[in-house]
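As you go down the protein sequences, you meet chains R and X in turn.
Residue 34 is where the first sequence starts when you use the numbering used here, and the numbers rise one by one after that.
Residue 9 is where the second sequence starts when you use the numbering used here, and the numbers rise one by one after that.
Worth flagging that the hints you see were computed from the coordinates, not collected in a lab.
Every value quoted in this text rests on a predicted model; they were computed, and no experiment measured them.
One thing to keep in mind: the hints can contain errors.
[Stated by the list, open to error] Restricting the straight-line Cα-Cα distance to at most 30 Å, the calculated cross-link-like pairs of lysine-lysine (DSSO-like) are:
1) Lys278/R to Lys23/X
2) Lys230/X to Lys145/X
3) Lys278/R to Lys248/X
4) Lys120/X to Lys145/X
5) Lys230/X to Lys278/R
6) Lys84/R to Lys156/R
7) Lys83/X to Lys23/X
8) Lys278/R to Lys193/X
9) Lys189/R to Lys149/R
10) Lys83/X to Lys230/X
11) Lys189/R to Lys278/R
12) Lys189/X to Lys145/X
13) Lys189/X to Lys84/X
14) Lys84/R to Lys118/R
15) Lys230/X to Lys248/X
16) Lys230/X to Lys120/X
17) Lys278/R to Lys84/X
18) Lys145/X to Lys278/R
[Unchecked claim] From the derived model, a few chain R residues whose C-beta atoms are all more than 12 Å from chain X:
19) Phe207
20) Leu209
21) Val324
[Unchecked claim] Cβ pair distances, simulated, as ranges:
22) Trp38/R to Ser136/X: 20 to 30 Å
23) Val322/R to Tyr76/X: 32 to 42 Å
24) Gly134/X to Arg452/R: 20 to 30 Å
25) Trp38/R to Asp95/X: 51 to 61 Å
26) Arg139/X to Asp281/R: 20 to 30 Å
In this text, a Cβ means the ideal position worked out from N, Cα and C, and glycines have one as well.
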Amino acid sequence: MRRFWALLYKDILLLIRDLAGLAMMFLMPLALVVLMTYLQDSTFNSITEHKIPLLLLDEDRDSLGISIGQSVEASHIFSVDTMLKEEPLTALSLEREVAKGHYQIGIFIPRNTTEKIRLGIRKSVLGTFGSDTDTVPIRMDSISIFVDPTTKNSFKATIISSIREYAARLQADFVLREVSVEVNRIVPVPIGKIEMPKELVGIKERYARLDEGRLMPNSVQHNVSAWSMFAVFFIVISLSGNIIKERDDGSFTRLMTMPCPYWLYLQAKMVAYLMVCLSQLFLMFLMGVYVLPLLGLPALEMGHSVAALVLMSFSASLAAIGYGIAIGKMATSNQQAAVFGSISVVIMAAVGGVWIPVFVMPEIMQTISRVSPLNWGVSGFYDIFVRDGDWHSVLPECAALLSFAVLCVTTAIVYDRRR
Amino acid sequence: MGHIIEIKDLHKTYKGNVNPSVDGLSLCVEEGDVFGLLGPNGAGKTTTIGILCGLRTPDRGDASICGYSVKEAMKKIKPLIGVVPQDFALYPMLTAVENLRIFGGIYNIPRKQLMPKIDSLLDTFGLSSSRNRAIEKYSGGMKRRVNLIAGLLHNPRILFLDEPTVGIDVQSRHVILENLKRINKEGTTMVYTSHLLEEAEHFCSSIALVDDGRIVCEGTPKALVAEAGTKSLEELFLLKTGKKLRD
Numbered sequence: 034m035r036r037f038w039a040l041l042y043k044d045i046l047l048l049i050r051d052l053a054g055l056a057m058m059f060l061m062p063l064a065l066v067v068l069m070t071y072l073q074d075s076t077f078n079s080i081t082e083h084k085i086p087l088l089l090l091d092e093d094r095d096s097l098g099i100s101i102g103q104s105v106e107a108s109h110i111f112s113v114d115t116m117l118k119e120e121p122l123t124a125l126s127l128e129r130e131v132a133k134g135h136y137q138i139g140i141f142i143p144r145n146t147t148e149k150i151r152l153g154i155r156k157s158v159l160g161t162f163g164s165d166t167d168t169v170p171i172r173m174d175s176i177s178i179f180v181d182p183t184t185k186n187s188f189k190a191t192i193i194s195s196i197r198e199y200a201a202r203l204q205a206d207f208v209l210r211e212v213s214v215e216v217n218r219i220v221p222v223p224i225g226k227i228e229m230p231k232e233l234v235g236i237k238e239r240y241a242r243l244d245e246g247r248l249m250p251n252s253v254q255h256n257v258s259a260w261s262m263f264a265v266f267f268i269v270i271s272l273s274g275n276i277i278k279e280r281d282d283g284s285f286t287r288l289m290t291m292p293c294p295y296w297l298y299l300q301a302k303m304v305a306y307l308m309v310c311l312s313q314l315f316l317m318f319l320m321g322v323y324v325l326p327l328l329g330l331p332a333l334e335m336g337h338s339v340a341a342l343v344l345m346s347f348s349a350s351l352a353a354i355g356y357g358i359a360i361g362k363m364a365t366s367n368q369q370a371a372v373f374g375s376i377s378v379v380i381m382a383a384v385g386g387v388w389i390p391v392f393v394m395p396e397i398m399q400t401i402s403r404v405s406p407l408n409w410g411v412s413g414f415y416d417i418f419v420r421d422g423d424w425h426s427v428l429p430e431c432a433a434l435l436s437f438a439v440l441c442v443t444t445a446i447v448y449d450r451r452r
Numbered sequence: 009m010g011h012i013i014e015i016k017d018l019h020k021t022y023k024g025n026v027n028p029s030v031d032g033l034s035l036c037v038e039e040g041d042v043f044g045l046l047g048p049n050g051a052g053k054t055t056t057i058g059i060l061c062g063l064r065t066p067d068r069g070d071a072s073i074c075g076y077s078v079k080e081a082m083k084k085i086k087p088l089i090g091v092v093p094q095d096f097a098l099y100p101m102l103t104a105v106e107n108l109r110i111f112g113g114i115y116n117i118p119r120k121q122l123m124p125k126i127d128s129l130l131d132t133f134g135l136s137s138s139r140n141r142a143i144e145k146y147s148g149g150m151k152r153r154v155n156l157i158a159g160l161l162h163n164p165r166i167l168f169l170d171e172p173t174v175g176i177d178v179q180s181r182h183v184i185l186e187n188l189k190r191i192n193k194e195g196t197t198m199v200y201t202s203h204l205l206e207e208a209e210h211f212c213s214s215i216a217l218v219d220d221g222r223i224v225c226e227g228t229p230k231a232l233v234a235e236a237g238t239k240s241l242e243e244l245f246l247l248k249t250g251k252k253l254r255d
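Modelling step: build the complete structure from the supplied sequences, incorporating the hints.
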């Protein structure tokens, strides 16, 4: 154990004495997370809070029209207008506005729609009880939905199903009301008004999705996840430099002539840099929770699973450390390691969705991003921050990151032994 | 006294090289000797010492240190040897004390014993006043002395010295050599390589001249010089290894 402590003491001292390296590892990502979150906040808002313009003409002004109006307002998906600035809103002008592309959806509810439903139901119920003698059917007007051709099918489906739901509910309400009136007329003991039971089938609320399988983080959730991964992977420059310096100045050779097992040497280095990575992550999370809100940005919600956060932090750190060890062992000079290390991390960050989130990338890039360890890390932190996932939910990302770490360290050892 | 180091028919050829670096080298070092392994560049000295220190594995043959085979029992050998490499092999950003604490810890020396030992060695080699200064601010001679102390911390039975006095001033060299002689008298066997043949002639109790991975001649410096009829070890060296440049 004394040997391990001596090696760990050495690596910690080397880290502490390298002030420029420390600044690069801690200050740069902290500055980047603040700057990028601030810069990207409005962009994220436009992506996540963009509302679909909808024009509503309610000539019914009765139960159905009011219900539909309230439901589209309450959906938070649509920005609802009920009048036009230049001209009065009519069925014709509504259609024209949608055709011009000023609105993506237009809904026209004709006059007396509710009343006609009510009369239709009444006629149907009376017919069932044999009291209706009028055989002339009631002419129902349709609710018209005008749709811009660019409107996503999912929005169209949402609107149509909402309207159908409210119409069906209203019809059921009227049926029950008319039935209770007729029953009271027939039976000697009057019954009370029959009402529609409210939501017998419970619906569990889920996170809003704009598209299949896609969750939208806000700027803080994205940037803290992304720049934390970038920070953690940026230690490869310090770590590989440290390994190369030891090799170049002969101290690694000296260690290998001492009773210092190779695995112990690597283990101490890994523990020292693990402390660095975990400190980086801790500071980045603190920044997200306490500092970013001071700048008017949303506070980072850390989720509820400490186990998931710890698991992800360790896995991400070990992946970065493994990569740093591989570069340190395989590069022939400090310059080569610094250039290759920084460029490769920047490329992995770009591909992995650090600067531009993967969900706004073209499909081909979304596929390519899956090969980047930084993407696995960002995705894991999304699971925690955005989806409030537990430790089970981050297992795939952790497994990928740990496998990457093992692959890198094994490659480094094999390469070193062969050399 | 018995043989503390025995090398038998050692062979080593590096990947991509046609010529072997060590080609059937055999020799013995007596306990308490200051044994000089001398030869021109590329003669096989560093490879031989590398094999004895566990940095390289031989292709064929074997060597034993204190009775342990370098092929099979390097773990038992390492605590018994001290290595003073030609490179400073120190952490430049750390102080002398910090460097020595690290190396002492790796030799598993308890802190209570280690700190007095460090103090004593720093004092012996004239480094007490600069003990807390970073190595990068040391002169070449001071670095050499710390380099030597790092190999002596655990009182090794055998000390490998690779050019321990190269590139330093006369005063530093004197302190190093005088202390090495004292440490040798206390029982530490030394294996020494150097291109400073005059120093080797006076410092070593026996030498082996190596060229092309093989022993050219072996014995005490005086006997070898007398046998060859040369005036000095340097003359003997040129006689045996030729005047052709090696690098």
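A quick look at each hint next to the structure:
1. For the hint pairing lysine 278/R with lysine 23/X, the CA-to-CA distance comes to about 25 Å; that is within 30 Å, so the pair holds.
2. Only pairs whose Cα atoms come within 30 Å are accepted, and lysine 230/X paired with lysine 145/X is rejected, the gap being roughly 41 Å.
3. Between lysine 278/R and lysine 248/X the CA atoms are separated by roughly 39 Å; this puts the pair beyond 30 Å, and the hint is violated.
4. As the CA atoms of lysine 120/X and lysine 145/X are separated by approximately 28 Å, the hinted pair is consistent with the 30 Å bound.
5. Proposed proximity of lysine 230/X and lysine 278/R is contradicted: the alpha carbons are some 42 Å apart, above 30 Å.
6. Proximity of lysine 84/R to lysine 156/R is assessed by CA-CA distance (about 41 Å); at most 30 Å being required, the pair is judged violated.
7. This hinted pair checks out: lysine 83/X and lysine 23/X have alpha carbons roughly 26 Å apart, not beyond 30 Å.
8. Using a Cα cut-off of 30 Å, the hinted pair lysine 278/R and lysine 193/X is violated, with the two alpha carbons roughly 36 Å apart.
9. Note on lysine 189/R and lysine 149/R: the hinted pairing holds, with a Cα-Cα distance of about 25 Å set against a maximum of 30 Å.
10. Between lysine 83/X and lysine 230/X, the direct Cα distance comes to roughly 37 Å. Violation of the 30 Å bound is thereby established for this hinted pair.
11. For the proposed pair lysine 189/R and lysine 278/R, the alpha carbon gap of about 63 Å is over 30 Å, so the pair is violated.
12. For the suggested pair lysine 189/X and lysine 145/X, the alpha carbons sit about 28 Å apart, so the restraint of at most 30 Å is met.
13. For the proposed pair lysine 189/X and lysine 84/X, the alpha carbon gap of about 26 Å is at most 30 Å, so the pair holds.
14. Pair hint lysine 84/R plus lysine 118/R holds up; C-alpha atoms about 20 Å apart against a cutoff of 30 Å.
15. Between the alpha carbons of lysine 230/X and lysine 248/X the distance comes to roughly 16 Å, so the proposed pair stays at or under 30 Å and holds.
16. With a C-alpha separation of about 44 Å, the suggested pair lysine 230/X and lysine 120/X falls outside the 30 Å cut-off, and the hint is violated.
17. About 28 Å separates the Cα atoms of lysine 278/R and lysine 84/X, which keeps this hinted pair within 30 Å; it holds.
18. With a CA separation close to 17 Å, the supplied pair lysine 145/X and lysine 278/R stays within the 30 Å bound.
19. Distance to chain X confirms phenylalanine 207/R as a non-interface residue, since its nearest Cβ pair spans about 85 Å, more than 12 Å.
20. With a least beta-carbon separation of about 84 Å from chain X, leucine 209/R lies farther than 12 Å from that chain, consistent with its non-interface assignment.
21. The claim that valine 324/R lies off the interface holds: its Cβ sits roughly 32 Å from the closest Cβ of chain X, which is beyond the 12 Å cut-off.
22. For tryptophan 38/R paired with serine 136/X, a C-beta distance near 26 Å keeps the hint of 20 to 30 Å intact.
23. A hinted range of 32 to 42 Å is violated for the C-beta pair valine 322/R and tyrosine 76/X, which are about 58 Å apart.
24. Look at glycine 134/X against arginine 452/R: about 38 Å separates their beta carbons, and that is not inside 20 to 30 Å.
25. About 25 Å separates the C-beta atoms of tryptophan 38/R and aspartate 95/X, a value inconsistent with the hinted range of 51 to 61 Å.
26. Taken as a hint, the range 20 to 30 Å holds for the pair arginine 139/X and aspartate 281/R, whose Cβ atoms sit roughly 25 Å apart.
Hint compliance for this structure: hints 2, 3, 5, 6, 8, 10, 11, 16, 23, 24, 25 are broken, all remaining hints hold.
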